[in-house]
Amino acid sequence: MSPEVWRRFTASSLFWPVVALVALLVFDAVAVPGFFALRIQDGHLYGSLVDILKNGAPTAIIALGMTLVIATRGIDLSVGATVAISAAVACGWIAAAPDPTSASAAIVGMLLALGLAVVLGLWNGFLVAVLGIQPIIATLVLMTAGRGIAQLITDGQIITVANPLYAQLGGGFLLGLPVSVVLAAVLFALVGAVTRRTALGMLIEAVGINPTAARLAGIRARGITVAVYVFVAVCACLAGLMISSNVTAADANNAGLWIELDAILAVVIGGTLLTGGRYSVIGTLVGALVLQTLTTTVYTAGIPPEVTLVFKALVIIAVCLLQSPKTRALLRRTRPAPVREAVAAS
Amino acid sequence: MTTSPVVEMRDITVGFPGVKALDGVGFRLLPGEVHALMGENGAGKSTLIKALTGVYGIDGGTIRVRGEERVFASPGAAQEAGIATVYQEVNLCPNLTVAENILLGREPRRLGRVDRRAVRRRAAELLARLNLAVDPDSVLGGHPLAVQQLVAIARAVDLDAAVLILDEPTSSLDADEVGELFRVIRDIRDAGVAVLFVSHFLDQVYAIADRVTILRNGKLVGEYPLAELSRLEMVKKMVGQELAALTDLERQPPTDIAELPDTPVLAATGLGRTGAIAPVDLAVHPGEVLGLAGLLGSGRTELARLLFGADHADSGTVAVDDRPTRLRTPIDAIAARIAFCSEDRKGEGLVGELTVRDNIVLALQARRGWARRLPRRTTDELVAKWITALDIRPTDPDVLIRNLSGGNQQKVLLARWLITEPRLLILDEPTRGIDIGAKTQIQRLVVDLAVDGMAVLFISAELEEVLRLSDRVAVLRDRHKVAELPRAEASMGQVMELIARGGSDVA
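Sequence lines, in order, name chains A and B.
Here my numbering is used: the first residue of the first sequence is 1, the next is one more, and so on.
Here my numbering is used: the first residue of the second sequence is 1, the next is one more, and so on.
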């Protein structure tokens with residue numbers, strides 16, 4: 001790496017999240033023998049690293065949608081509820097189908113769940129963009145009501161399904177990798193490409209940075225806002241399908257519980273500011289991987305799982321501190337670069 | 001001069017990513033003088049003040065305060081050394097009383113508790129010393145901005161400041177308030193305090209200042225006694241170019257009303273909005289500059305917003321090219337090739353954390369839709385073309401727009417709209433708060449655009465500017481259009497009279 005590239009990398013907001021990820025992996029390599037071992041069995045890849053990717057996929061997918069929502073100055077607290085509703089709808093449909101093991105039952109169930117997710121996203125988008133309710137309040141509505149809706153759908157029961165096609169989503173393999181990992185990778189690549197190859201990314205950022213100016217410049221700010229809420233709901237639905245497929249059951253109470261907080265964390269660790277505007281899809285991916293690696297590390301290191309949250313908190317504090325311009329300036333022992341100040345104005 | 005300077009800055013250099021804001025600048029401030037700091041936007045006035053008060057670190061040079069070399073780590077440290085700053089926006093607590101604000105942070109104490117009576121007494125003494133008739137017990141937020149500013153100055157004086165920095169203190173004050181402020185400034189100066197005064201208004205600088213330091217493009221032009229510097233010379237030194245540009249604008253009107261094309265670009269009939277502007281008839285033709293004159297609150301901005309669809313009209317109709325058109329949103333207006341530069345640059349124009357490039361292409365890209373991104377090469381060509389055409393500095397399109405000076409930000413916003421090739425350009429106070437150089441450039445641009453056939457609706461609080469640029473002037477008063485005059489009939493005196501008293505055709 002040339003010095004210039006290195007300098008830019010250390011100055012970028014990606015630097016510390018990547019350092020955290022590498023540090024965790026190094027710790028694992030030392031503390032857990034065979035952590036990096038990968039083996040191929042029946043043409044499928046297995047190993048701790050694969051587990052990290054597989055277990056982290058649902059959170060990563062939701063964090064991807066959340067990144068765009070946060071870029072528009074919004075936030076979506078209802079994704080956990082959407083996970084539960086989606087799992088309930090899909091599993092409920094499959095379990096009630098004449099042949100619960102048929103492929104058609106699985107496909108219709110998943111499509112139903114996706115359709116409902118779009119409706120839920122439209123609802124959030126409507127509250128935020130049309131009625132002008134603050135996003136945190138607007139999505140709180142669905143966050144609280146959503147699990148109740150999921151309970152209604154499942155009738156308060158845990159619905160178990162035994163559908164081979166549906167099981168593929170959470171437990172199957174594609175090209176040697178878990179289906180959920182492939183799906184997450186495709187989604188990240190797609191969003192990265194679509195937002196940067198088209199003008200969507202710039203327009204989203206403009207709406208997040210200065211909504212009034214964006215409107216006066218002729219940007220369809222309302223449409224963009226609704227679209228990102230629909231997208232995050234679809235992401236949450238996919239995550240819900242993965243989670244329920246993985247455990248072959250829909251649990252209205254616990255599916256996706258607190259996943260909204262992990263998703264928001266992943267976005268923040270990745271360097272996207274909650275105040276909206278500039279966002280980083282790659283940052284979010286790294287953020288999600290940091291979170292999942294941490295969780296896995298805690299498990300494999302034999303630390304009681306209840307303590308995981310404390311470790312998460314520590315990592316978050318560390319990353320946030322390292323990202324703040326003040327700490328970075330201290331670390332470099334130079335004056336704060338006043339990039340965020342109005343500079344040459346007089 | 002024999003008195004030794006209270007502040008002496010030598011070879012000060014301050015750099016920011018991509019910009020050298022100050023380059024080897026020297027500056028002296030003597031006790032008992034009012035010293036004006038002048039320069040265009042982007043000349044480095046704010047940076048110099050911020051370097052002095054410890055907001056920014058310096059990359060080179062020395063700062064001496066009372067002969068002692070100092071580098072302040074923070075504005076607080078500068079304040080303790082006797083350098084007090086009063087900013088354009090008052091940095092006080094509006095919900096506390098005047099007395100509490102004056103003594104905030106150093107209240108007299110008794111038995112560990114704040115001695116409220118002593119606070120009030122000391123504040124009252126101080127206000128009396130400055131001859132200010134302000135009740136120390138009144139809540140600060142209830143006073144007009146001018147009084148708040150005077151309270152901020154009183155607070156600075158109580159700090160026993162040796163240096164008082166006033167950064168554009170008069171920009172939101174009316175004439176009487178400015179007079180009151182100047183009286184206080186003179187009192188303070190006569191008490192031996194060095195006052196550093198920054199303002200865009202030449203009249204005020206000549207009224208109050210003893211000496212002036214002029215900066216241009218981050219470099220020192222010179223330090224002069226004001227008595228020996230004529231206004232024309234000062235402007236020349238600030239702008240660094242002959243003032244010919246200003247007089248050149250005295251073009252012959254290319255258009256007589258009679259010669260105008262029959263079809264207006266835009267015609268409004270009975271267009272109005274309750275509480276904003278009474279129903280107005282207005283037509284703008286290709287190739288003409290229509291000026292809107294009127295005081296703040298006369299409805300000029302409100303009318304512009306209706307014509308752009310930024311607000312909903314609740315009466316009247318609009319025709320574009322004689323075709324009835326509904327302007328419900330800015331998107332409708334942009335589709336009809338109308339462009340609007342808001343008076344509120346920061347709040348309604350800039351997208352601060354995007355680059356100059358993104359800000360320039362924003363409106364054009366919005367019109368194309370998100371899926372049809374402008375090809376990178378087209379973007380670069382267009383952006384480079386407009387940066388050159390409007391003389392935007394710095395010329396690097398990758399700089400964040402928030403790092404540009406006010407005048408250059410305004411030019412970027414103009415570029416954003418010109419790139420969409422509008423047929424009607426609505427400019428609401430495009431030259432407010434920017435330096436003379438950029439102002440002249442923008443005025444010239446308006447004239448050139450009209451000559452090329454664009455219709456321009458030009459709004460400005462400066463009547464002289466409106467009269468100089470416009471082919472016709474519509475006069476607004478109390479949210480009514482009271483007159484519409486061709487350029488030949490619109491004299492300063494007549495328009496002022498219309499603004500003050502209203503014409504005969506007032507509804």
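No lab work stands behind these hints: they were computed from the structure.
This one's a predicted model, so the numbers in the text were calculated from it and none came from an experiment.
Keep in mind that a hint or two might mislead.
[To be verified] Chain B regions said to be covered by chain A (calculated; three or more residues, Cβ under 8 angstroms):
id : segment
1  : 21-34
2  : 342-348
3  : 464-472
[What the hints assert, rightly or not] Examples of chain B residues toward chain A, derived with CB under 8 angstroms:
id : residue
4  : V221
5  : A310
6  : I334
7  : A366
The beta carbon of each residue, even a glycine, is placed where N, CA and C say it ideally should be.
Under 8 angstroms is the threshold here; is the Cβ of B:I334 close enough to any Cβ of chain A for the hint to stand?
Since the shortest Cβ distance to chain A is 4 angstroms, the answer is holds.
Claimed coverage, the segment 342-348 of chain B by chain A - three or more beta carbons nearer than 8 angstroms:
holds (count 3)
Interface hint for B:A310, Cβ within 8 angstroms of any Cβ on chain A
holds (6 angstroms)
Report holds or violated for chain A covering the segment 464-472 of chain B, Cβ cut-off 8 angstroms, minimum 3 residues.
Contact hint for the segment 464-472 of chain B vs chain A: violated, 0 residues under 8 angstroms.
B:A366 was flagged as interface toward chain A. Is the shortest Cβ-Cβ separation under 8 angstroms?
holds (4 angstroms)
So, as I understand it, the hint says B:V221 touches chain A; can you test that by seeing if any CB pair is closer than 8 angstroms?
Nearest chain A Cβ about 14 angstroms off; hint violated.
Checking C-beta pairs, does the segment 21-34 of chain B have three or more residues closer than 8 angstroms to chain A?
violated (count 1)
When each numbered hint is compared with the structure, violations occur for hints 1, 3, 4.
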